[in-house]
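Chains A and B, in that order, are what the protein sequence lines are. Quick note on numbering: numbering that gives the first Met the number 0 labels position 99 of the first sequence as 98, and the sequence is numbered without any gaps. Quick note on numbering: numbering that gives the first Met the number 0 labels position 49 of the second sequence as 48, and the sequence is numbered without any gaps.
Mixed in with the good hints there might be a few duds.
Sample of chain B residues at the chain A side, in silico, Cβ under 10 Å [as the list claims (entries may be wrong)]:
| hint | residue |
| --- | --- |
| 1 | Val3 |
| 2 | Gln11 |
| 3 | Leu12 |
| 4 | Gln13 |
| 5 | Pro15 |
| 6 | Ile16 |
| 7 | Cys17 |
| 8 | Ala19 |
| 9 | Glu20 |
| 10 | Leu22 |
| 11 | Pro27 |
| 12 | Phe32 |
| 13 | Phe40 |
| 14 | Pro62 |
Hints in this document: simulated from the structure, not taken from any laboratory. Idealized CB from N, CA, C, for every residue including glycine.
The primary structure of each chain is shown beneath.
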Amino acid sequence: MWQLADQTPESRLLIGSALYPSPSIMQDAIRASGAGVVTLSLRRQNPGAGGGNDFWALLRELDLHLLPNTAGCHSVREAVTTAQMARELFDTRWIKLEVIGDEYNLQPDPFGLLEATRELISQGFEVFPYCTDDLVLCEKLVDAGCRILMPWGAPIGTGKGLINPYALNTLRQRLPDITLIVDAGIGAPSHAAQALEMGYDGVLLNTAVAQASDPVTMARAFKHAVSAGRLAYEAGVMPARDMAQPSTPVLGTPFWKP
Amino acid sequence: MITVWLNNEQKQLQDPICLAEALAQWQPPGEGFAIAINEVFVSRSNYAVTPLRDGDHIELLVPMQGG
């Protein structure tokens, strides 16, 4: 159990609901991941087209805590309005806040993100900002009232893992009381384990599971990786050093001559 | 008559008309949607007291997969 805003999920894995080969595989993979929190979105759909509510029914069967996002929003106004719509539709004040600033790498717009965060917190939202790993931005988000930050590991959907461990480590060291979740860029279970070993409180991922050849088995792999990473952090990972040091006792070394 | 845009699709409506009356014509699925008009959120409790005007852009959003 750990504290995530007002919830205490068992798993430190948060998982997305997009890009699965089929709705049933989505359900099975999310169950296999052990995640207690699932992300979802809102999209246009004209009456009569069907579809959206089928997905919604499937997701509700999983009985998980919902974290709606503002994916695709490029302005503060779009993001704030989408968050308000999500709050009513999903009956949650949680919002994964995305304000995209660049189309090529889907990098968050730090200025718009901060402005939207301030507005939504003033309206009573629990904001989970999807942000870069910039320390100053993260400090300002905390000043704005965020209890949780979600810096990227790498751009969304790239699977490159933690491309700037120095910056992520710095965030962990400088913001010890903030819940930190690596969101986006994780491609392999080892990346998730690395984030947890660094002391990150959780990871949020989607594509790495949904686009695996076998999403259900990959979900299970991530479940174990997240647990292993957290256990390693709690156990205390040994510090790296440059010089070799024998693990076998030197005392009584055969053929040794002074 | 007035012309409004529902998710970028042109719709003709009688005038005057409120959002609740327009939704009764369009029949969106159950309560699994949320509405914004001209990028401003409209809560469900205000549908019956929100008049639609010529040129309004209505966003009708439903739950969708997301990461």
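Structure-based check of each hint:
The closest approach between the C-beta of B/Val3 and any C-beta of chain A is roughly 13 Å, which is over the 10 Å cut-off, so the hint fails. Because the smallest distance between the Cβ of B/Gln11 and any Cβ of chain A comes to about 15 Å, over 10 Å, the interface hint for this residue is violated. Interface hint at B/Leu12: violated, since its Cβ lies 14 Å from the closest Cβ of chain A, which is beyond the 10 Å cut-off. For B/Gln13, the interface hint is violated, the least distance from its beta-carbon to any beta-carbon of chain A being 18 Å, above 10 Å.
Look at B/Pro15: its Cβ only gets to about 21 Å from chain A, farther than 10 Å, so that hint breaks. The interface hint given for B/Ile16 is violated, since its Cβ lies 16 Å from the closest Cβ of chain A, which is over the 10 Å cut-off. Residue-level restraint check for B/Cys17 is violated (minimum Cβ-Cβ distance to chain A is 17 Å; threshold 10 Å). The interface hint given for B/Ala19 is broken, as the beta carbon of that residue sits about 14 Å from the closest beta carbon of chain A, more than 10 Å.
For the restraint placing B/Glu20 at the interface with chain A, the shortest Cβ-Cβ distance is roughly 14 Å, beyond the 10 Å limit, so the hint is violated. About 8 Å separates the beta-carbon of B/Leu22 from the nearest beta-carbon of chain A, less than 10 Å, and the hint is met. Annotation: B/Pro27 was flagged as interfacial toward chain A, and the flag holds, the nearest CB pair being 4 Å apart, inside 10 Å. Checking B/Phe32 against chain A: minimum C-beta separation of about 7 Å stays under 10 Å; hint holds.
Using the Cβ-Cβ criterion of 10 Å, the hint placing B/Phe40 at the interface with chain A is satisfied: the shortest such distance is roughly 4 Å. Hint status for B/Pro62 relative to chain A: holds, with the closest Cβ pair at about 4 Å, below 10 Å.
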